[in-house]
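**Student:** The chain contents come next:
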Amino acid sequence: MHSYQTLRGRIFETVNYTFLIGAALLCVFPILHVLAVSFSSSTAAASGQVTLWPVEFNLSSYQYALTKPQFLTSFVVTLERVGLGLAINMLLTIFAAYPLSKEKGELYGRNAYAWYLFVTIIFSGGMIPWYMTIKQFGLMGSLWALILPGAVPVFNVIILLNFFRQVPKEIGESAVMDGAGHWTVLSRIYLPLSVPALATLVLFTCVGHWNSWFDGLILMRSPSEYPLQTYLQTIIASRDMSLFVSASQEELKLLSQISDRTLKSAQIFIAAAPILAVYPFLQKYFMKGIVLGSVKG
Amino acid sequence: MTTKRLHKALSVAMIGMMAWSLAACSGSNDDNHKGASSPSAGGASTAGAEQPADPKAKYDPPITVTSVMGLSDQVQKSVSIKPDVLSDNVWTRGYENDLGIKINYLWTVPGAQLEQKMNVSISSNDLPDIIPVNSRQFKMLVDTGVAMDITELFDQYASDFTKQMMEADQRIGLSQATVDGRLMGLPQINGAIDGASMIWIRADWLKNLNLEPPKTMDDVLHIVEAFTKDDPDRNGKNDTFGLGLQKDLFGGFASLDGFFEGYTGYANGWLDDGSGNLVYGGVQPAVRTALGKVAEMYGNGYIDTEFSVKDGGKVAEAVTAGRIGMVFGQHFLPFWPLQDSKNKDPNADWQAYPIVSADGQQAKPMINGSSATFYVVNKKMKNPEAAIKLYNYFYAKDPALSPDFDPIYHGQDSKLETYPDQFYQLAVMTTFFPQQNLFIHQNVSKYFKENDQSVLENYWIKDNVGNIEKYKAGDNTLWSSNGWAGPDNSAFSVIDHYDRNNLFLKNGYIKGDTESMTQKGATLNQMRSETFTKIIMGSAPLDEFDSYVEKWKKLGGDDITKEVNAAK
Amino acid sequence: MKGMALTESVVPGGGAAKARSRKTAKIRQQLPMHVMMLPCILLVAAFSYYPMIGIVIAFQNFNPTKGFFHSPWIGLDNFKYMYAMPDTLQVLWNTVFIALLKIVLGLIVPVVFAILLDMIRRSFVKRTIQTLIYIPHFLSWVILSGILIDILSPSEGIVNGLLNAIGIKPIFFLADERMFPYILVTTDVWKEFGYGTIIYLAAITSINPSLYEAAVMDGASRVRQVFHVTLPGMMPIIVLMATLSLGNVLNAGFEQVFNLYSPIVYKTGDILDTFVYRIGLQNSQYGVATAVGLFKSVVSFLFIVTGYRLASKFAGYRIF
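Going down the list, the sequences are from chains A, B and C.
Everything in the first sequence is counted per the working numbering, starting at 1 for the first residue and increasing by one.
Everything in the second sequence is counted per the working numbering, starting at 1001 for the first residue and increasing by one.
Everything in the third sequence is counted per the working numbering, starting at 2001 for the first residue and increasing by one.
Hint data in this document are derived by calculation from the structure and do not stem from the laboratory.
Wrong hints could be hidden among the right ones.
[As the list claims (entries may be wrong)] Pairs of lysine to any residue residues, derived as SDA-like cross-links and limited to a Cα-Cα distance of at most 20 angstroms, are as follows: (1) A:K102 - C:A2311; (2) B:K1082 - A:F71; (3) B:K1077 - A:V55; (4) B:K1117 - A:S222; (5) B:K1551 - C:Q2090; (6) C:K2267 - B:F1545; (7) B:K1554 - B:N1525; (8) B:K1082 - A:S222; (9) B:K1568 - B:N1277; (10) A:K135 - B:L1106; (11) C:K2080 - C:Y2277; (12) B:K1449 - B:P1487; (13) B:K1344 - A:V55; (14) B:K1058 - B:N1104; (15) B:K1534 - C:D2087; (16) B:K1470 - B:E1450.
If we strip away everything but chain A, and leave its shape as in the complex, we get (with noise of 0.2 angstroms):
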């Protein structure tokens, strides 16, 4: 593909760069606020003087959360709750969107079974019902009832199955001929074939459960069980001012510090950072062309 190297093939890589990085800066902006209001001081930070660069410049607020104590509990919350959940959903996801990327001949109640899953996108009970039946099922405050209720991500079953359908169907018929059963034609062709499939959902798996909070607030018995998105949204969430009214003297010396706008903001950076770095991380399976050829040969 050396197709650039035409006059015109030039001016529109340039204008293509130019472009997609200008985009790319426009998104970095508010990360960047975010991190130069996390190392300026909280007088400038209250003031608003605060835009892309520190001012005042110091690290406390990062001394400051990441010695809190609730920080790393959610922390580890956190991360066993991604580690487990994702084994749980990629598992479950794979063994749906398997059978569903059958044809209806294939596989006896396919169409019944994807349209059983499809239904429970659109429709819900509510909130009420939902935390009814976890507290019915005992999971209140344990770790499986952030994990179990969304245990089938039902929407990324649905895209790994359009991308198993993509599987050339030749592939896994002659192993099945060469005797193959189902689990061998899905360990063995459908995965290494869906590899850039299965990363994005990896991704957005992983994302999902690092970033949900309000389960972790409504499910939980106390904060110390908080994974640390809830944790956080205990934190960034605006104070009702109505309140401060009937404060006690104890509780108003608090309020400039509920308020540290820095102090908020290195712990927004601080939950961010470590999810921001799996997506570079995932991005090798990105890269086309290596899975299909190295099957193919």
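Fit chains B and C to the given chain A structure using the hints.
**Tutor:** Positioned in the frame of chain A, the structure of chains B and C alone reads:
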């Protein structure tokens, strides 16, 4: 008001007890807060109740009471130091040793998320014995039949001191917790007077411009103008606004409540129309007048043109950056955001002044209820009287005025690192001496003005005096204590002024939402904020107010008024 | 092809008994797939279908102490209540308008970016840009709204600074009734397009490279390759995402609107979810909230099913 009905409901015994005055019981520390000593003279005996219930009796064997807790930041800190602090602290030990009650928290949640979490609990009917709720949830629990009627229990089991506190609160909290004449929960008393509006002004700017503190609304308008136009910070730039305002228009900081009150406009209250009927303040002509003035200020550029998208946090930034010289707000401002302003610029000399009027009369700030939190006793609770005992227990141990006061129960935030389990917020229920903050100010004032060393015996006073001394010695970060309780031009010197001159105007309706409020309130409030904001920004003429009033009445306001008058 | 012929040839033939035994054989051959489905079926039954009992709240005056079965039934009153609110129609219109724009742009922009990114040959640049554009997804609207209010400020914001430089008068974007929906759409696309790009990049990566080789042999330019190889190769995923996103026709983005709107733009910026939130704020009206939720689900369902039908009819493609 329901005080009358409530009185009837109370037993003879209790009226007898009320004869005890607060001062008589609590010793020398306490004086000059009025409403404290009950005027009711009466029977001296306690022989009203059929079976004399003993409020202090201990359960043997101990019983377990379940509850839930919204954790303040301070308590979360304690938990991080001592993970089991909620089940083992000075309060739980006291409950168990003195009352034979063990506390079991079904769940805990950071305070700011309590409402959300409690909503789910209520709607799933997954509730503990003692349920801490806000006023809306309180109504829910009463309506759905979860809340126990504790009228008689309270009569029998409330301690003398608890009852004195109710009197000191002028029974406002109790009336908020009373539905159809029955007491349906225990109010967390905070004191209504703390909610009064005041004016916060940068006195250093006044000085720069040779201006006097405002005496009338015209003065206010004049100062606002000068603060905008005359370069009050003397930096040679036209970069200041006279008045800080945030997008919600009403509230505790950078709001219009105090400004409107200067024109006798009470946009959030219910007022007596002179014939004993309550009318909604938000549709009265006074509000129209005040709105016109705000629109004028906005038109002249005295208010940030972008206020309509800025919340309190954004206005706080501008205040800290030294771009705003005046805000209307409540007592907590010294702690946030004015302390930030002081940190940024030590010359920022924020002072509190009483609101002023446009008509030469004394302006009257409106006060609402004294409780925002209620402890509902679950009908399913086995020993409901235990709830009242726990309530008594807090009043016994926490307020520095109580005969049984013990400072370790209140604790000190500065000592939390060493004693994480000694703090008043670890109690299963909290409730306060309603004039606590004013009381602190008055005694702090006594210390500084009359050099009265004896006031230091009280822990609250000592703490504040200490901070203010340090501030005066040059520690700017402790200015907030001075701005809050200090002797002059502090938040509570203003409240004290209101109190001495009897200026508080009580909101005529402080109970839960009526049926129509529930149904129509959202629409009406939205219409109000839309209309008011548009009028202020000049995108609608002032006459729009009149059609707003018409619409308000038609879309449910008339129904609400009827219901409020029936329920008052 | 070979396999197809084989299975076809097996089925017809012999007597009924033989057919039955073949059927049994086929079921046995399929059995592993049913086993694979089983855990999903059970989990979905427990955590999705079982709680759907709660939909009955939409037709009740729900009382938590009485539960789902003993709360008083009130028929369609919850729906009527919503319908009778004076602003409902305007709010519905706002919701659909904002949501549709978001759906359309939220589809086109990531596809275009994925293709443009794919054209970048330097792997490092490509990866870096990919990573950077995906960052805004991770910042919540609470944080972003504060930043946006600054950026879009008519007096100090960068955007108006630029506009000013080319002679356009400052615009108060967030307080302008006409502009507000477009601001919502633009900022939403800005926040999410990088994240949305990922799935399309995966789709491009999955295209068989031999197709490109063939196109290059035919002398096709890069642009022609895009239209003849890349886009057709991505089409199943594009159709899939388009159809599923139709389900969002009544989701205009609660968190975003809630953090950015103000009374001055209620008229064009108030959406179904913020509307319900405010009503709910007055009093926890579970019935009304559930009724609105059910209404949204039904509408989503109709849209997706229509999209599904259209896709299979015109593109010949079934998304699931």
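**Student:** Hints first: check each against the structure and report whether it holds.
**Tutor:** Hint by hint, here is what the structure shows:
At roughly 19 angstroms between alpha-carbon atoms, K102 (chain A) and A2311 (chain C) fall within 20 angstroms of each other, so this suggested pair holds. Proximity of K1082 (chain B) to F71 (chain A) is assessed by CA-CA distance (about 15 angstroms); at most 20 angstroms being required, the pair is judged to hold. The suggested pairing of K1077 (chain B) with V55 (chain A) is violated, with an alpha-carbon distance near 29 angstroms, which exceeds 20 angstroms. Simply put, K1117 (chain B) and S222 (chain A) have alpha-carbon atoms about 11 angstroms apart, close enough for the 20 angstroms limit, and the pair holds.
For the given pair, K1551 (chain B) sits about 17 angstroms from Q2090 (chain C) by alpha-carbon distance, which is consistent with the 20 angstroms threshold. The hinted pair formed by K2267 (chain C) and F1545 (chain B) meets the criterion: a straight-line CA distance of about 18 angstroms does not exceed 20 angstroms. For the hint pairing K1554 (chain B) with N1525 (chain B), the CA-to-CA distance comes to about 14 angstroms; that is within 20 angstroms, so the pair holds. At most 20 angstroms may separate the alpha-carbon atoms for a hinted pair to count; K1082 (chain B) and S222 (chain A) meet this at roughly 14 angstroms.
Straight-line distance between C-alpha atoms of K1568 (chain B) and N1277 (chain B) comes to about 10 angstroms, which keeps the hinted pair within the 20 angstroms bound. For the proposed pair K135 (chain A) and L1106 (chain B), the alpha carbon gap of about 13 angstroms is at most 20 angstroms, so the pair holds. Under the criterion of a C-alpha separation no larger than 20 angstroms, the hint pairing K2080 (chain C) with Y2277 (chain C) is consistent with the structure, at around 17 angstroms. Of the supplied pair hints, the one linking K1449 (chain B) and P1487 (chain B) holds, its CA atoms being roughly 7 angstroms apart against a limit of 20 angstroms.
Proposed proximity of K1344 (chain B) and V55 (chain A) is supported: the alpha carbons are some 13 angstroms apart, at most 20 angstroms. For the hint pairing K1058 (chain B) with N1104 (chain B), the CA-to-CA distance comes to about 18 angstroms; that is within 20 angstroms, so the pair holds. For the hint linking K1534 (chain B) to D2087 (chain C), the alpha-carbon distance of about 18 angstroms falls within 20 angstroms, and the restraint holds. For the hint pairing K1470 (chain B) with E1450 (chain B), the CA-to-CA distance comes to about 19 angstroms; that is within 20 angstroms, so the pair holds.
Against the hints set out earlier in the document, a violation occurs for number 3 only.
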